[in-house]
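Student: In order, the protein sequence lines correspond to chains A and B.
Counting the first sequence from 1 gives a position; our numbering is that position plus 119.
Counting the second sequence from 1 gives a position; our numbering is that position plus 119.
All clues given are correct.
Pairs count within a copy or across copies, as identical chains cannot be separated in the list.
Cross-link-like lysine-lysine pairs, in silico, DSSO-like; alpha carbons within 30 Å at most:
hint, residue 1, residue 2
1, 461, 479
2, 461, 122
3, 199, 349
4, 122, 544
5, 349, 540
6, 246, 545
7, 538, 122
Since the hints were made in silico from the structure, they are not lab data.
The structure presented is a predicted model; accordingly, all values stated were derived computationally and were not measured.
Number of protein chains: 2
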Amino acid sequence: MAKNVFYAQSGGVTSVINATACGVIETVRKSRSLGKVLAGRNGIIGALKEELLDTSKESPRAIAALRHTPGGAFGSCRYKLSSAAGNETEYRRLIEVFKAHDITAFLYNGGGDSQDTANKVSIVSRKLGYPITCIGIPKTVDNDLPLTDSCPGFGSVAKYVAVSTMEAGLDVASMAASSTKVFILEVMGRHAGWIAAAAGLARQSPTSPPHIILFPEIAFEQEKFLVRVKRTVDRVGYCVVVASEGAQYADGVFLGAANDVVNAVVNDAANVASEKDAFGHTQLGGLAPNLAAMIRRTQGYKCHWSVADYLQRAARHIASATDVEQAYAMGRAAVEFVLAGKDAVMPVIIRERDAPYQWKIGEVSLSRVANIEKQLPRDFISRDGFGITAKARRYLEPLIQGEDYPPYHQGLPRYVRLKQKSVPKKLPTFNL
Amino acid sequence: MAKNVFYAQSGGVTSVINATACGVIETVRKSRSLGKVLAGRNGIIGALKEELLDTSKESPRAIAALRHTPGGAFGSCRYKLSSAAGNETEYRRLIEVFKAHDITAFLYNGGGDSQDTANKVSIVSRKLGYPITCIGIPKTVDNDLPLTDSCPGFGSVAKYVAVSTMEAGLDVASMAASSTKVFILEVMGRHAGWIAAAAGLARQSPTSPPHIILFPEIAFEQEKFLVRVKRTVDRVGYCVVVASEGAQYADGVFLGAANDVVNAVVNDAANVASEKDAFGHTQLGGLAPNLAAMIRRTQGYKCHWSVADYLQRAARHIASATDVEQAYAMGRAAVEFVLAGKDAVMPVIIRERDAPYQWKIGEVSLSRVANIEKQLPRDFISRDGFGITAKARRYLEPLIQGEDYPPYHQGLPRYVRLKQKSVPKKLPTFNL
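Only chain A is shown next, with the shape it has when bound in the complex (with noise of 0.2 Å):
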């Protein structure tokens, strides 16, 4: 039997998960144990729908390539298998897709809900009696995961973020004598400041940006906040913001949600009905521009505001490095797992040392990883709570280190587009 290799992107990609991808395959490639990878297309949902991309069609440059680019280039998916007690029909459909294409081991490259559902396809296919080798692979921008070290993902959106908040700062720096006063740079991070933190790394100095840093982590209080900004202008001559969109009050409101309910008041009250996704989770976005409002109505200062959003998480032109280097590497370790036999584990970063840095692999179990979301600590943030100490500063600064360049043609980024050969379907159309 071939032992074909299934793999997976799931939830919001990053600059990296490619990188992830490029190991998967490239070790796959050099086993002589393993067959094909068959990649799921548009992640899981491939699975169930039986699309499979054969990556075997691709040439080894074209894999090498995938080390460089971002975006997941098979498709990701924000879907989560049903899981109403008893209900297993999506699990058996995976198993039996699994069966009709030789597939013995699955990879599953996602946060949270992904490890949850590569634990649960291990449990199903030992009932079944088609036993699937589950090897659930980390990633995430949020760099929310339990009993890894860090996230495959993170480091490069926190080097985007350190570095754009440096180079913003020194603009507004500029202008601040008779124009902008206050920059307001919005980060990712719904529950977790783990980027907004990493703006932090930019401050070189007492005088230097980023001035305040909004955490989810901290209970907002506009009165402290207007204090500080103001505080800020008369001590330094502007003041640099950067904010986790997952910022909010004391009652739980999101700083970023306040906009749009009035955007939906005045335009239309479907408006914020449908902002939510499939987990349920509340689309965020418009905190910047509700900040500078309010700074500009109580201080009438000229403000500033970017929203980086997707930038942040695919700007693989200014990926960390280090960062790369582990994301490929737990693609390699995935599959090292599945050819030593191990199942339902997770690989994971372990850092043995701060400076120099030293890191190794080790592997955790999946039951132990699933939906648990790792909120930055109290003690990496100030006492005042806009800033980061001395702690999150020694656990940030390695991850960001190095610059790994994608190799450019007429200007702009070389990034692989992969042909995407289907492997053909062999059984019924199955309805999500």
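Given the coordinates of chain A, work out where chain B should sit on it, guided by the hints.
Tutor: Okay, now just chain B, sitting in the frame of chain A:
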């Protein structure tokens, strides 16, 4: 006499305006006949207030590092000299300051407004019997100065926008099957669509992003736009929109202004009034969220949006090598013009060939540059108004060629902060 040179940065800064400063200072240092470069702290305001920075106190290494440092190293400003007929108070003050500090040349690094000021200083100084050599040096990310083929600062923002569009496009392409279908990137360009047009360089096939570009030069028609969004999602699976902040309806109302109005109505009517800068320009922003709300409301697509704002013009980490070289060359040329005894002129970039790109430095009279804005020619915009033509591509492509990475230390660019030693004041205080 010392024959010092006064240099000032004006208006919005760029990621390469300091490369121009580097060209100025290094060329003056090499000359035998010129003294020091004295820079205006915060641009022309520094000259009026006699706040001069002595660049001779900076090390050769610090000056060399200006070439790769974004922002305005001496501070810039948005300040227009009063120009009421007959009121030459401010011009007279400038000349007094120049006289007091043995300044015989005035180099003004800015956009159209600044070239106008430099021209007037030349005229008034001759009238007052203390003739100052006045040289304008072009700078603007907006690329809207006439008579020069392109403007230093533009090539780098063009590269940033093209790279970011490409990267975010790969991200949304991965997510579109089950989640985000539309991504909107708002870029700068209040009156001219040059920056938005540059995003078009990312498009490498008929299906690749950006699918829609909104230019200030083309009146926005909501129905036509929405039809195009839907058709693109149907055809490609997703849609990437790049919108200039200056995009507007046929009646001249900005797409970004509408949102401010909404917020102002709900929050505080005073808000809108405060959004004008020193030149009476309305501060824009909010276009991307407006478009996203419009699309969600009418079509139900999940949208993500990003506002690049200062990030785009400060992004020295992804600067165009061509742009850096030209910015430096403009600074060097300005000093060479001084040495050659020229006055009231500005160095310009003359294009000799598109491919391979060849350019040289020319000169134009300041009186011809002042206060003219160069819009995107109609034949650079595709017939449907949503894209760029082959002609635009031929023009734009050379400007983003080459990478010119800053040096890194500990994972972050090593940007220089100058000592900024002030020259002792000699004159009485002057009130602005």
